[in-house]
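Undergrad: In case you want the letters, here they are:
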Amino acid sequence: MIQSIAQKEFVSTLRDRRFVVLSALVLALLLAATLVGRASFRTLQQERHLAQQTVNDQFRNQPARHPHRVAHYGSFAFRPKSGLSLLDSGVDSFTGSAVYLEAHQQNSVNFSQAQQSGSLIRFGEMTVAFVLQLLVPLLIIFLCFGAFTQERETGTLKLLLSQGITLRQVAWGKIRGYSQAVALVVAPALLLAAALLFTGEEFASNADLLARLALFGLSYALYFFLFVVGSVVVSARQASSRAALVTLLGLWILGGIILPKATANLGASLYPTITKAQLDAEVHEQAQHGVNGHDPQDKRAAELKAGLLKKYGVDSEEKLPVSVAGLQMAAGEEYSARVYQQHFAALNATYEKQNRLSDWAGLLNPYQAMRPLSMGLAGSDFAHYVHFQQAAEAYRYGLVQRLNHLQAGMGYGDKERRLDAHTWQELPVFSYQAPPLSWALPRLLLPVAALLLWAGGLSWLGLRLISKTTVA
Amino acid sequence: MRVFRILFSYEWRHFRAAKGLVLLCSLLLATGLYSIYYGTTEIERQRQHLATLPELTRRNVEELQVKFPGPADAGDIGYYHTTFAVHHPDAWAALSLGLRDVNPSYVKLRLLGLHNQLYAADNTNPMKTLSGNFDLAFVLVYLLPLLIIALSFNLLSAEREEGILTLLLAQPIRPATVIGAKLAFRTALVLGLAGLLSVVGMGWAQVPLDGRVLSWLALTTLYCLFWFGVVLVVTALHRSSAVNAVALLGAWLLLVVLVPSLLNLGVAAARPVPQGIELTIKQREEIHAGWDRPKTQTMNRFFALYPQWRDTATIRERFVWRWYYAFQHLGDQAVAREAAAYATGLQQRYDLVEKLNLLSPAINAQSSLNALAGSDLPTHLAFQRSVTRYHDSLRAFYYPFLFRKVEFTHADYAREPRHTFTSTPELPTAWRGLGKLLLSVVVVYSLGLVLLTRRPVAAS
Numbered sequence: 001m002i003q004s005i006a007q008k009e010f011v012s013t014l015r016d017r018r019f020v021v022l023s024a025l026v027l028a029l030l031l032a033a034t035l036v037g038r039a040s041f042r043t044l045q046q047e048r049h050l051a052q053q054t055v056n057d058q059f060r061n062q063p064a065r066h067p068h069r070v071a072h073y074g075s076f077a078f079r080p081k082s083g084l085s086l087l088d089s090g091v092d093s094f095t096g097s098a099v100y101l102e103a104h105q106q107n108s109v110n111f112s113q114a115q116q117s118g119s120l121i122r123f124g125e126m127t128v129a130f131v132l133q134l135l136v137p138l139l140i141i142f143l144c145f146g147a148f149t150q151e152r153e154t155g156t157l158k159l160l161l162s163q164g165i166t167l168r169q170v171a172w173g174k175i176r177g178y179s180q181a182v183a184l185v186v187a188p189a190l191l192l193a194a195a196l197l198f199t200g201e202e203f204a205s206n207a208d209l210l211a212r213l214a215l216f217g218l219s220y221a222l223y224f225f226l227f228v229v230g231s232v233v234v235s236a237r238q239a240s241s242r243a244a245l246v247t248l249l250g251l252w253i254l255g256g257i258i259l260p261k262a263t264a265n266l267g268a269s270l271y272p273t274i275t276k277a278q279l280d281a282e283v284h285e286q287a288q289h290g291v292n293g294h295d296p297q298d299k300r301a302a303e304l305k306a307g308l309l310k311k312y313g314v315d316s317e318e319k320l321p322v323s324v325a326g327l328q329m330a331a332g333e334e335y336s337a338r339v340y341q342q343h344f345a346a347l348n349a350t351y352e353k354q355n356r357l358s359d360w361a362g363l364l365n366p367y368q369a370m371r372p373l374s375m376g377l378a379g380s381d382f383a384h385y386v387h388f389q390q391a392a393e394a395y396r397y398g399l400v401q402r403l404n405h406l407q408a409g410m411g412y413g414d415k416e417r418r419l420d421a422h423t424w425q426e427l428p429v430f431s432y433q434a435p436p437l438s439w440a441l442p443r444l445l446l447p448v449a450a451l452l453l454w455a456g457g458l459s460w461l462g463l464r465l466i467s468k469t470t471v472a
Numbered sequence: 001m002r003v004f005r006i007l008f009s010y011e012w013r014h015f016r017a018a019k020g021l022v023l024l025c026s027l028l029l030a031t032g033l034y035s036i037y038y039g040t041t042e043i044e045r046q047r048q049h050l051a052t053l054p055e056l057t058r059r060n061v062e063e064l065q066v067k068f069p070g071p072a073d074a075g076d077i078g079y080y081h082t083t084f085a086v087h088h089p090d091a092w093a094a095l096s097l098g099l100r101d102v103n104p105s106y107v108k109l110r111l112l113g114l115h116n117q118l119y120a121a122d123n124t125n126p127m128k129t130l131s132g133n134f135d136l137a138f139v140l141v142y143l144l145p146l147l148i149i150a151l152s153f154n155l156l157s158a159e160r161e162e163g164i165l166t167l168l169l170a171q172p173i174r175p176a177t178v179i180g181a182k183l184a185f186r187t188a189l190v191l192g193l194a195g196l197l198s199v200v201g202m203g204w205a206q207v208p209l210d211g212r213v214l215s216w217l218a219l220t221t222l223y224c225l226f227w228f229g230v231v232l233v234v235t236a237l238h239r240s241s242a243v244n245a246v247a248l249l250g251a252w253l254l255l256v257v258l259v260p261s262l263l264n265l266g267v268a269a270a271r272p273v274p275q276g277i278e279l280t281i282k283q284r285e286e287i288h289a290g291w292d293r294p295k296t297q298t299m300n301r302f303f304a305l306y307p308q309w310r311d312t313a314t315i316r317e318r319f320v321w322r323w324y325y326a327f328q329h330l331g332d333q334a335v336a337r338e339a340a341a342y343a344t345g346l347q348q349r350y351d352l353v354e355k356l357n358l359l360s361p362a363i364n365a366q367s368s369l370n371a372l373a374g375s376d377l378p379t380h381l382a383f384q385r386s387v388t389r390y391h392d393s394l395r396a397f398y399y400p401f402l403f404r405k406v407e408f409t410h411a412d413y414a415r416e417p418r419h420t421f422t423s424t425p426e427l428p429t430a431w432r433g434l435g436k437l438l439l440s441v442v443v444v445y446s447l448g449l450v451l452l453t454r455r456p457v458a459a460s
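Just so you know, the protein sequences line up as chains A and B, in that order. Residue 1 in the numbering used here sits at position 1 of the first sequence, with consecutive numbering throughout. Residue 50 in the numbering used here sits at position 50 of the second sequence, with consecutive numbering throughout.
Be aware that a few hints might be false.
[Stated by the list, open to error] List of simulated lysine to any residue pairs, SDA-like, C-alpha gap at most 20 Å: (1) B:K295 to B:I315; (2) A:K468 to A:E102; (3) A:K310 to A:Q163; (4) B:K67 to A:Q53; (5) B:K19 to A:L309; (6) A:K415 to B:D76; (7) B:K282 to A:Q53; (8) A:K353 to B:T57; (9) B:K108 to A:I274; (10) A:K299 to B:F68; (11) B:K282 to A:E102; (12) B:K295 to A:A449; (13) A:K299 to B:E63; (14) A:K276 to B:W323; (15) A:K276 to B:D76; (16) A:K415 to B:R58; (17) B:K19 to B:L193; (18) B:K19 to B:L189; (19) A:K415 to B:D292; (20) A:K276 to B:Q117; (21) A:K353 to B:D122; (22) A:K276 to B:Q48; (23) B:K108 to B:T57; (24) A:K415 to B:R316; (25) A:K276 to B:F84; (26) B:K282 to A:A51; (27) A:K276 to B:N123; (28) A:K415 to B:F319; (29) A:K311 to A:G409; (30) A:K276 to B:R58; (31) A:K415 to B:R318.
[Said to hold, decoys possible] Label pairs and their computed distance ranges (CB to CB): (32) B:P272 to A:L191: 27 to 37 Å; (33) A:N61 to B:Y79: 25 to 35 Å; (34) B:A340 to A:E285: 32 to 42 Å; (35) B:P175 to A:Q7: 43 to 53 Å; (36) B:P272 to A:A221: 29 to 39 Å; (37) B:M1 to A:A187: 52 to 62 Å.
No lab work stands behind these hints: they were computed from the structure. Heads up, the beta-carbon is just placed ideally off N, CA and C, and yes, glycines get one too.
For reference, chain A alone in the conformation it holds in the complex:
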């Protein structure tokens, strides 16, 4: 019986002109978003790849220079787009794409797309994730709001129940039928997106990407299922189709538009952060307690020099086999980098606290569970961004320290000399490896749990509610 109810809903949905028009629209949008996503992914990826190669080549082909000059010349790190970011670009448009890596200081990641888009980007971006997270649920609501109310309004519900089946069974039948209809719209689009993803030569089909994509599809299936169940439950509990539709749309607006903004803004108000200018000033203040390589009058620098003289058993700087300035630079860098690290860790911890509020809201609002999960799987969430920042900093620190040690090895009077041009070719260039799924998954436990809780809770509680509703 459940089977035939499901069959009936599926067939009548397909015959409904409104549904056909709406789903054609959603499909077209999904397709457009995939193609646009791929195009913009390619341009951005190419731009950044090219820029990274340019700066790497420039670095390798430097003339003979003093190593500390090279440390100030520095390098750039460009954040490559993750493969799945063409489906969900997450925070990518709001983070910068390039960071300048130089001696003595950690710079901000600059040039975000949002800065180049004007106010338009604030209305939302047309991405696959946007269609899947907000528009498909809307389609589901339009599809299912009359599930019970219509039967009740036409009096067919009584007829159905007189056949000896329970309300719960009717509900399951409807849920199955609607789910099939939704799958018919979304599945081809997702498959097409996957095909596009794997035919592009830039994605060698690797297991990690495949697993991410599979989980991506699975979690969206769960998300849509949630909306089907929720809409059917609301439809059963409301007196009229109109009331059911208005309730569902109200919930959609609350969950999809108002709550995410409100929690993000509330988080920022609850956990304030300091500006980059203040952070830099604090770092500078603290770093003064370390060795300052550029200041020959620095007391600690003098102590370091005295220690070296003692260690090598010589009485003057000229006789040292190493350059005091180089070692002072290295010690100063070590200290200032540590201070920066502490401050940036504190800053990122504050951001994470701000974002946590939104993640916990996922328990109240499935959209806020799906959004971080989707971004996390696509590799475009805040955690992945921080991973890049840290990789860039690790490279910067390693590079500067190598250069400082090259300087130290030059011995006394290094400032008048330069190292040969081929020295720079032996230094490693920046190349970024995005973290694997196994790194991302533990960070996504809360949204995953929230989504599962929603699906389980709603199916259980919702169906109990349905079986208790009045038929007439």
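Chain A is already provided as a structure; the job is to place chain B on it using the hints.
TA: For chain B alone, kept in the frame of chain A given last:
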């Protein structure tokens, strides 16, 4: 007219009895008040942040005075001394934050090359900027239409579905009066709400009471009227409540969500902006090559730009500051074209959106409110231009010290030029927006009236 008044007052009684609608209006009111609270605290926080900057400069000067107790080489000061160019918000920005969270509100400057300092981002949480601001403009542009839809999607259809319309039309009343009274009641309610929120917001944000108050109210009113015009069009189609709801929400989705995001894609494709990163890479290359070039070559290029320093002493030292700052400046000069192209590229994008925003009154309203509040892209570009001028004046201040070898004394810190920039409204943009909104309003009402005369109201 009497009939109209009776209908109007009955609508009021109806409204009071409908708990859901009262709840919805109270919810919008509460959301609006939160948005005002959020906007004002956000601007207050930005103000506080900006207020700490002079203190940072003061501490920096103190430190330098300890480091260089006597008269110093101005080159050292220029290198270690930081100062800030600040972009103060206009009081209106609290009601329409615009791009103030995406773009930094200050630039930290040293005497070095400008372009690797000009684009530095501030600390921001990208998750927060992704979610966007919850300011009054958002409530008015994004949420108010939804309230309008919720209040009026069943304007006539509910009467028909409940069988009241037959009774109503049996009376000696023109159907147009019925629709007019119903629309007028809802318009009064929504405009009252929007007006109340706007006035509360203006008081809370302590905006100066100038012509912008009227512009803001006019923009809000026209935007609300536009949505009531859409309601009129949909009502005139005489469909069921459910179809009306779908149609109105579809219109909202189209105008508030889809058109802006598609336009964003279109504009990005039509006006590709030369990547800012290219210019910073090129500038770095130029500046660092300065170390390796013969000093006379660098200085001759510099003197071509600043002939007034040509008679200064020839450089024979291994390192001297005036040569260092000369090649820093030449690095900026080398990318002047790219920098201009970057700024004009952004401006062109903005201009294109300005042209196309007739497609969506929502974009139009948002950009007009931002323009009124001076929180949009043109203001940021104006700020960047003022930073460039400030950098010029800093160099002009330091050059005599560097080239005439004047010693930098403690008293000279106070003589250093200061920078301040406060957003100014782009009134022409706001007025153009007002005109375009008026046009949209006229178009929807004409369409609605034509439909109504073609398909008169019938009971079934």
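Undergrad: Decide, hint by hint, whether the structure agrees.
TA: To see whether the hints hold, each was checked on the structure:
{"no.": "1", "hint": "B:K295 to B:I315", "in the structure": "holds (7 Å)"}
{"no.": "2", "hint": "A:K468 to A:E102", "in the structure": "violated (68 Å)"}
{"no.": "3", "hint": "A:K310 to A:Q163", "in the structure": "violated (99 Å)"}
{"no.": "4", "hint": "B:K67 to A:Q53", "in the structure": "violated (41 Å)"}
{"no.": "5", "hint": "B:K19 to A:L309", "in the structure": "violated (86 Å)"}
{"no.": "6", "hint": "A:K415 to B:D76", "in the structure": "holds (19 Å)"}
{"no.": "7", "hint": "B:K282 to A:Q53", "in the structure": "holds (14 Å)"}
{"no.": "8", "hint": "A:K353 to B:T57", "in the structure": "violated (31 Å)"}
{"no.": "9", "hint": "B:K108 to A:I274", "in the structure": "holds (15 Å)"}
{"no.": "10", "hint": "A:K299 to B:F68", "in the structure": "holds (16 Å)"}
{"no.": "11", "hint": "B:K282 to A:E102", "in the structure": "holds (16 Å)"}
{"no.": "12", "hint": "B:K295 to A:A449", "in the structure": "violated (65 Å)"}
{"no.": "13", "hint": "A:K299 to B:E63", "in the structure": "holds (16 Å)"}
{"no.": "14", "hint": "A:K276 to B:W323", "in the structure": "violated (30 Å)"}
{"no.": "15", "hint": "A:K276 to B:D76", "in the structure": "violated (24 Å)"}
{"no.": "16", "hint": "A:K415 to B:R58", "in the structure": "violated (33 Å)"}
{"no.": "17", "hint": "B:K19 to B:L193", "in the structure": "holds (17 Å)"}
{"no.": "18", "hint": "B:K19 to B:L189", "in the structure": "holds (15 Å)"}
{"no.": "19", "hint": "A:K415 to B:D292", "in the structure": "holds (15 Å)"}
{"no.": "20", "hint": "A:K276 to B:Q117", "in the structure": "holds (13 Å)"}
{"no.": "21", "hint": "A:K353 to B:D122", "in the structure": "holds (19 Å)"}
{"no.": "22", "hint": "A:K276 to B:Q48", "in the structure": "holds (14 Å)"}
{"no.": "23", "hint": "B:K108 to B:T57", "in the structure": "holds (10 Å)"}
{"no.": "24", "hint": "A:K415 to B:R316", "in the structure": "holds (17 Å)"}
{"no.": "25", "hint": "A:K276 to B:F84", "in the structure": "holds (12 Å)"}
{"no.": "26", "hint": "B:K282 to A:A51", "in the structure": "holds (11 Å)"}
{"no.": "27", "hint": "A:K276 to B:N123", "in the structure": "holds (5 Å)"}
{"no.": "28", "hint": "A:K415 to B:F319", "in the structure": "holds (12 Å)"}
{"no.": "29", "hint": "A:K311 to A:G409", "in the structure": "holds (16 Å)"}
{"no.": "30", "hint": "A:K276 to B:R58", "in the structure": "holds (17 Å)"}
{"no.": "31", "hint": "A:K415 to B:R318", "in the structure": "holds (11 Å)"}
{"no.": "32", "hint": "B:P272 to A:L191: 27 to 37 Å", "in the structure": "holds (32 Å)"}
{"no.": "33", "hint": "A:N61 to B:Y79: 25 to 35 Å", "in the structure": "holds (28 Å)"}
{"no.": "34", "hint": "B:A340 to A:E285: 32 to 42 Å", "in the structure": "holds (38 Å)"}
{"no.": "35", "hint": "B:P175 to A:Q7: 43 to 53 Å", "in the structure": "holds (44 Å)"}
{"no.": "36", "hint": "B:P272 to A:A221: 29 to 39 Å", "in the structure": "holds (37 Å)"}
{"no.": "37", "hint": "B:M1 to A:A187: 52 to 62 Å", "in the structure": "holds (59 Å)"}
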